[in-house]
Amino acid sequence: MNDKIPRFSRSWRVQHMLLMVSVLLLVISGFSMKYSETLWGKILIFLEGGFQARGALHRLSAVLLFATAIYHLIYISFTREGKREFKSLLPIRNDLVDLKNSILYDLMKRAERPAFGRYSYREKIQYWAFFVFILLMFLSGMVMWFHDFFFAFLPKWAFDVSFALHGGTATLVILFLVLWHMYVVHLSPANFPANSSFWHGYVSVKWMKENHFLEYESMIRDSEAKHAEGKED
Amino acid sequence: MTALLTILLAFLQIGSSPQNTRCFLCHGKKDFGVMEDGKFQSLYVSPKQFSASIHGKFTCVQCHTDVKVIPHFIRPQKVSCLQCHFEGNTVGAPVKWMPEKYKDSIHAKALAEGNPNAPDCETCHTTHYVKSPSDSTSQTNRRNIPDLCGRCHIKQFESYSKSIHYKALENGMLGAAVCTDCHQEHDVLPPSDPRSALSAEGVVRTCAKCHADTLLMARADVPVQQPEAYSESFHGIALENGMVKAANCTSCHGHHDILPASDPNSPINPKNLPKTCGKCHPHADKNVAKGKVHIIPSERSAGIVFYVYTFFKWFTLAVLVFLFAHIALDLSGFIRRKHARHE
Numbered sequence: 011m012n013d014k015i016p017r018f019s020r021s022w023r024v025q026h027m028l029l030m031v032s033v034l035l036l037v038i039s040g041f042s043m044k045y046s047e048t049l050w051g052k053i054l055i056f057l058e059g060g061f062q063a064r065g066a067l068h069r070l071s072a073v074l075l076f077a078t079a080i081y082h083l084i085y086i087s088f089t090r091e092g093k094r095e096f097k098s099l100l101p102i103r104n105d106l107v108d109l110k111n112s113i114l115y116d117l118m119k120r121a122e123r124p125a126f127g128r129y130s131y132r133e134k135i136q137y138w139a140f141f142v143f144i145l146l147m148f149l150s151g152m153v154m155w156f157h158d159f160f161f162a163f164l165p166k167w168a169f170d171v172s173f174a175l176h177g178g179t180a181t182l183v184i185l186f187l188v189l190w191h192m193y194v195v196h197l198s199p200a201n202f203p204a205n206s207s208f209w210h211g212y213v214s215v216k217w218m219k220e221n222h223f224l225e226y227e228s229m230i231r232d233s234e235a236k237h238a239e240g241k242e243d
Numbered sequence: 004m005t006a007l008l009t010i011l012l013a014f015l016q017i018g019s020s021p022q023n024t025r026c027f028l029c030h031g032k033k034d035f036g037v038m039e040d041g042k043f044q045s046l047y048v049s050p051k052q053f054s055a056s057i058h059g060k061f062t063c064v065q066c067h068t069d070v071k072v073i074p075h076f077i078r079p080q081k082v083s084c085l086q087c088h089f090e091g092n093t094v095g096a097p098v099k100w101m102p103e104k105y106k107d108s109i110h111a112k113a114l115a116e117g118n119p120n121a122p123d124c125e126t127c128h129t130t131h132y133v134k135s136p137s138d139s140t141s142q143t144n145r146r147n148i149p150d151l152c153g154r155c156h157i158k159q160f161e162s163y164s165k166s167i168h169y170k171a172l173e174n175g176m177l178g179a180a181v182c183t184d185c186h187q188e189h190d191v192l193p194p195s196d197p198r199s200a201l202s203a204e205g206v207v208r209t210c211a212k213c214h215a216d217t218l219l220m221a222r223a224d225v226p227v228q229q230p231e232a233y234s235e236s237f238h239g240i241a242l243e244n245g246m247v248k249a250a251n252c253t254s255c256h257g258h259h260d261i262l263p264a265s266d267p268n269s270p271i272n273p274k275n276l277p278k279t280c281g282k283c284h285p286h287a288d289k290n291v292a293k294g295k296v297h298i299i300p301s302e303r304s305a306g307i308v309f310y311v312y313t314f315f316k317w318f319t320l321a322v323l324v325f326l327f328a329h330i331a332l333d334l335s336g337f338i339r340r341k342h343a344r345h346e
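Taken in order, these protein sequences are the chains called B and S. Note that the first sequence covers residues 11 to 243 in this note's numbering. Note that the second sequence covers residues 4 to 346 in this note's numbering.
The reader is advised that the hints may include incorrect statements.
[To be verified] Stretch by stretch, here's where chain S covers chain B in the computed footprint (C-beta under 8 Å, at least three residues):
1) 38-50
2) 109-119
3) 159-165
4) 186-198
Please keep in mind that the hints were generated in silico from the structure rather than gathered at the bench. Note that CB positions come from ideal geometry on N, CA and C, so glycine has one too.
In isolation and in its complexed conformation, chain S is listed as follows (with noise of 0.2 Å):
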């Protein structure tokens, strides 16, 4: 009987795609689930929230393309993101390099090598209620990255919300840095990877993203120029040439925990400096402390170092002066010989 009334159903259901309502007259029940493996696992999927999300507008079946007729008899295969975000397709799902970057990532290699932990897509994005970053209530919005990478990264929320950029977020400052900044969002890759944003020779550049950001930094209150005066630095020239030993920011700044020097526990606290100092130089001691940092000699605000500076701009400009001038009053004291020797 059930059989027959199957087939019926399926033969009345054959040229129409199933409604969303259909499916969720079972899977809209918050205890549908199955025992699997003796341990009950949901179906559950909110309807309100399926419908909030940006795929609201599309069918279950648009996705679970191996679902035919409903009810279905069959487990369904675990649905692919690519199977509307690749290159070319016809449905309008944007692709931009998301997924191609994320094939590269640190993430996607644990999961090609079998780590059960290893986030893809649905992880981030969620499976049904996927939001676009920009809608404040998604998971992947910038306020609530720090929480889903914490997820599984504790350590490093643990440490990063001590940090000044998370303060600055906590408090509103949606420029301040969150984890995707630094890491990248879908090539995350390990430092020690040249290609990573934080490799030696990226990890300025990256800071630099926000920290050479005038506006952005004038609006967190923060001076710009230090990413170009560490250019210009000793440190900063070694490194671009290749140095990788030589100190970048992270070095004296710290990376998670980044705090501002006036904060006792900052390693650039003047009181805390030798020992930060002291990690390459060994005898480094309270003296490094005694003058600035991050210095543009031709700025009033380097001190000694911009009167040094404007000293040998102005001399060097006067001996040029003078070097000219000796030379073309002997070069007129030549012509004045060679035609007194013709007359």
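Same shape as in the complex, but just chain B (with noise of 0.2 Å):
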């Protein structure tokens, strides 16, 4: 049996490498904009040329993400492999019960670790924060760039909401980047230092088992369906 189990399709590492760079600009130009009084605002500020400079950058990674957003909504409209994807993504009923069943592991109140599908409500959460963030900072990121053209159709106040929710999502960003998406793909034991699928999209069968048993328990079924048909053939 081959070790390596194809995990992530080269569209979706393609779709997560933009995504990480756009997002990580992101953060810097505008954080260091945020903290623009601190030294290290400061020191972030020079080195990305200035202050007129780092807000280019920032509308060019906004650029940059809002392509990657539109990217990944026809891929997961149009492609068969997104439609699929996407669908496994939805969130459902038992990802409550997972959810229910691993804090009820962890804390030794329950003798079996709960087996999860392709994506378990890790993966989801993951996903639908960053939606819906990337929704927020998109609509109010658009008030504030074209405010000029805004001004005919908004109050005052949408603007001064629009820079509030930006600046309180950002905030809401980091935290999800690092105490829930760098824990889980880094950080945490089962993939520390680095889960390198995001990279050559291949996982190993023991960590597939571990964390990902029932995709894994299908993936089986499916080939062995598929080696008892070529035997028939």
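Reassemble the complex: the two chains are provided individually, in unrelated frames, and hints are given to aid placement.
In structure tokens form, the structure reads like this:
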């Protein structure tokens, strides 16, 4: 049995890479303005080439993120693979049961660790949190970027709300990135120091059994069925 | 005969410095003066006003040092204030930084360039009747500053006299801003000079000197949060980072003729806001008046922004707790699995 199991297609990995680069740039260029009065804010602005270059970088990364989002929306709407992936990312009732059982297991109230399918509640929380964050950041960011245009439709307070929303959501993005995503894929003992599947797309059998047992099972079933079919031919 | 008498008089005065009463024998007469270029120039000095001035206890010749005998037949040199007002003087003349600061000013520059209207010390402080600015009869007293500057700066005074600052001053509110509060006293510089208190970067700090002063603003019944709120706003952040085209206080409030928003002539009156914002934002219309200006999100007065801010504050805190709890639980599960493997 081959130890390497393909987990992420090339398209998935490209999307993740684009998302990673654009969000990192947005975080750096955004927070350097939010904390521009602090020393490290000033250092970041200096590295970005000055205050105006910082703004240009933020907008440029926003365009990259927007393009990535459009690419992703096309991927999940029109490609067979994307539709399948999106379907397995949709939250279901069983996710709540999994979360409950996981907590019970962690608290030693349950003997068995729940087995997960292709995407567990962990990946789903990650995906949907960022789905909502990007939507909020996009809307509030557009209002601020094109304020001259929006002055014709929106009251003054809408700009203040956008500003507060953009800053508040940015903090949540950081929290989810560091305490959820970084933990789940890097620092957690299951993946330490990093789960490199984001790069080459492959995971080990051991890792699959530990983290996505149900998917592993169905993969085995599928391959056995295929094998059987092949024998009949 | 006259010459002989003069020599005799001079001889008698050797060793003693002439008393002011001797000077006032001539200079104390109201019609005393000389004809110069066909014009009468008064040389009168009011003994009463001089003795009431801050220099009243000095003798005339302490400043007019080139007058040794009275009567003097030569024209005395122009007196320089720096004769006494220099650092390290022995007569106890206050120096501080004023004369030095004056040297940098646009006034001193104009004077050096030969502008006959440029003011030097005596233009503002008077020649013979210098009084402390704290003396309410001094023309450098806060109450009298606008009139003093307005003597030359007529247009600016006219504009300023319409402002809420001047109205407050007239009503006895001595803390109200007068010319020198914004333009500085001795080192008056044009706003285009980066050292000026009224440069694009400087103007916010200049207004904040008073408008962030809680006590002063409470007395004037003016909200005090504006400078802080401004510095957290888009305009404030941009300006702080060197984008001088960003709106500063004066961009919206005007300068000499500052009026409260309630005044229909004020550029920040809700009716005039579209025009005021429209100076920079071409599509601004009456929408810009819908909402509050100078808001601090953490304060209830910020309205809807306060609720957005408060939601994010508590939600972020809850998320933080959830994320940390998740890590703690996951680690405990991992330790349990590790133990199970060892057993």
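Practice task
If any of the earlier hints don't hold here, list their numbers in rising order.
Solution key: Per hint list: zero violations.
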